[in-house]
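Fit chain to chain and form the complex, with the hints in mind.
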Amino acid sequence: DAGVIQSPRHEVTEMGQEVTLRCKPISGHNSLFWYRQTMMRGLELLIYFNNNVPIDDSGMPEDRFSAKMPNASFSTLKIQPSEPRDSAVYFCASTPGPSLSGANVLTFGAGSRLTVL
Amino acid sequence: SQQGEEDPQALSIQEGENATMNCSYKTSINNLQWYRQNSGRGLVHLILIRSNEREKHSGRLRVTLDTSKKSSSLLITASRAADTASYFCATDVGGSNYKLTFGKGTLLTVNP
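Respectively, the protein sequence lines represent chains F and L.
Mapped onto this note's numbering, the consecutive letters of the first sequence carry residue numbers 8 to 124.
Mapped onto this note's numbering, the consecutive letters of the second sequence carry residue numbers 850 to 961.
Treat the hints as calculated values from the structure; they're not laboratory data.
Keep in mind that the hints are not guaranteed to be accurate.
Claimed, not checked - Using C-beta positions, here's what the derived DEER-type ranges look like:
| # | chain 1 | residue 1 | chain 2 | residue 2 | range |
| --- | --- | --- | --- | --- | --- |
| 1 | F | Pro-88 | L | Ala-927 | 46 to 52 Å |
| 2 | F | Pro-15 | L | Arg-903 | 40 to 46 Å |
| 3 | F | Asn-59 | L | Glu-902 | 30 to 36 Å |
| 4 | F | Ser-73 | L | Arg-890 | 25 to 31 Å |
Said to hold, decoys possible - The list that follows gives simulated cross-link-like pairs (lysine to any residue, SDA-like), each with its CA atoms no further than 25 Å apart:
| # | chain 1 | residue 1 | chain 2 | residue 2 |
| --- | --- | --- | --- | --- |
| 5 | L | Lys-919 | L | Asn-960 |
| 6 | L | Lys-875 | F | Ala-110 |
| 7 | L | Lys-953 | F | Asp-64 |
| 8 | L | Lys-948 | L | Asn-871 |
| 9 | F | Lys-85 | F | Gly-10 |
| 10 | L | Lys-948 | F | Gly-10 |
| 11 | L | Lys-948 | F | Asn-58 |
| 12 | L | Lys-875 | F | Asp-63 |
| 13 | L | Lys-948 | L | Ala-868 |
| 14 | L | Lys-953 | F | Asn-58 |
| 15 | L | Lys-948 | F | Val-123 |
| 16 | L | Lys-953 | L | Ala-868 |
| 17 | F | Lys-75 | F | Arg-92 |
Claimed, not checked - Over the 10 Å line for every Cβ pair with chain L, so calculated as not near, a few chain F residues:
| # | residue |
| --- | --- |
| 18 | Glu-25 |
| 19 | Lys-31 |
| 20 | Ser-34 |
| 21 | Asn-57 |
| 22 | Asn-58 |
| 23 | Asp-63 |
| 24 | Met-76 |
Where a beta carbon is used, it is the ideal one built from N, C-alpha and C, also for glycine.
Here chain L stands alone, though its shape is the one from the complex (with noise of 0.2 Å):
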């Protein structure tokens, strides 16, 4: 079973506009990642906040995490088109050290 599940499973914008996409996860976590997927690639890591963190930032993104609600939300500002990408949240099950359960994704779709 998913321990990731992103939301919405699609978004679509214009540029210069701001995405945000959520997780949600079953069990407890040490860390929670966000990656990117381009069409035709592999995964690229974004981001990586712990579980005693509850805000991250990294240029135009923003990583929010809540355990007690078992949820993360990305934010990108200001989008590109560039940025049309599915993002996948990632956890490490049950405190794993080495294993990551990846969501199903979001697909972003940034218009010119």
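If we strip away everything but chain F, and leave its shape as in the complex, we get (with noise of 0.2 Å):
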């Protein structure tokens, strides 16, 4: 398995743009995640997946914000329209799915660096 897939690696765009950010989950995953890093804030879950659907999404931080999952080998995480305080590393992970034991393991993506000039 190639693993998790994220495109683009990288991303500069302008203030105002729209930005959509793509991940293949793991074949077989059922629970996929999107997480932002920054050195200020650190990893922060924006919205989580389970068989498709949007479970918690407390985590977006505004409606500029909206992340989709229309099967269940593709999601898109959309900035519309970007803003400078969005420039961070953007992860997507998935996982088999929830764990009745809690033990959650993710396996993350290599990351889009999106830039917002």
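Have a look at this one:
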């Protein structure tokens, strides 16, 4: 398995532009997470999907952010319009699914580094 | 707010030495995990320890958990230059079966 695939790896855009980040989870994994990493705030959970359904989007910073998972093998995170403070590394991660034991081990993608000028 | 806080923020050692990193957390947990992140890469799971366990080993890694002190430590023995990375602890918030909260990490530099 190629692991969790994210694209683009790097994105530089200007303030006000729309940004779309993409993620392909590991085949057979039913849970997908979007995280954002910055020096100031560390890793923050943005949204969690289970079986393609958004379960927890409480971490999505504001209405400019939206995420979709149209099928089990693809998810997008969109920022419209983008702002300089959105500059961060965005990670997608997947797991087989919620664990009864609570042990949720994540497999991360390589991340998408976003710079908004 | 951060659930897990790693200490120290940065650690520099010589190859062959042991490296110890600590993590403190605030609320009760079912399990605690440690992840490694190499520069420019995603996080990689290293080891998981459950709340009813006190110590766990995996190769050169040793993890301890003290639930009374709400703390954990990660020991890397006989460090190598390839161990240079950031190390993060992650806890399940309030026993959640999906939500992991990460600390800000310890940057470990192993000098050859």
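Those earlier numbered hints the structure runs against, lowest number first: Those not satisfied are hints 5, 13, 14, 15, 21, 23.
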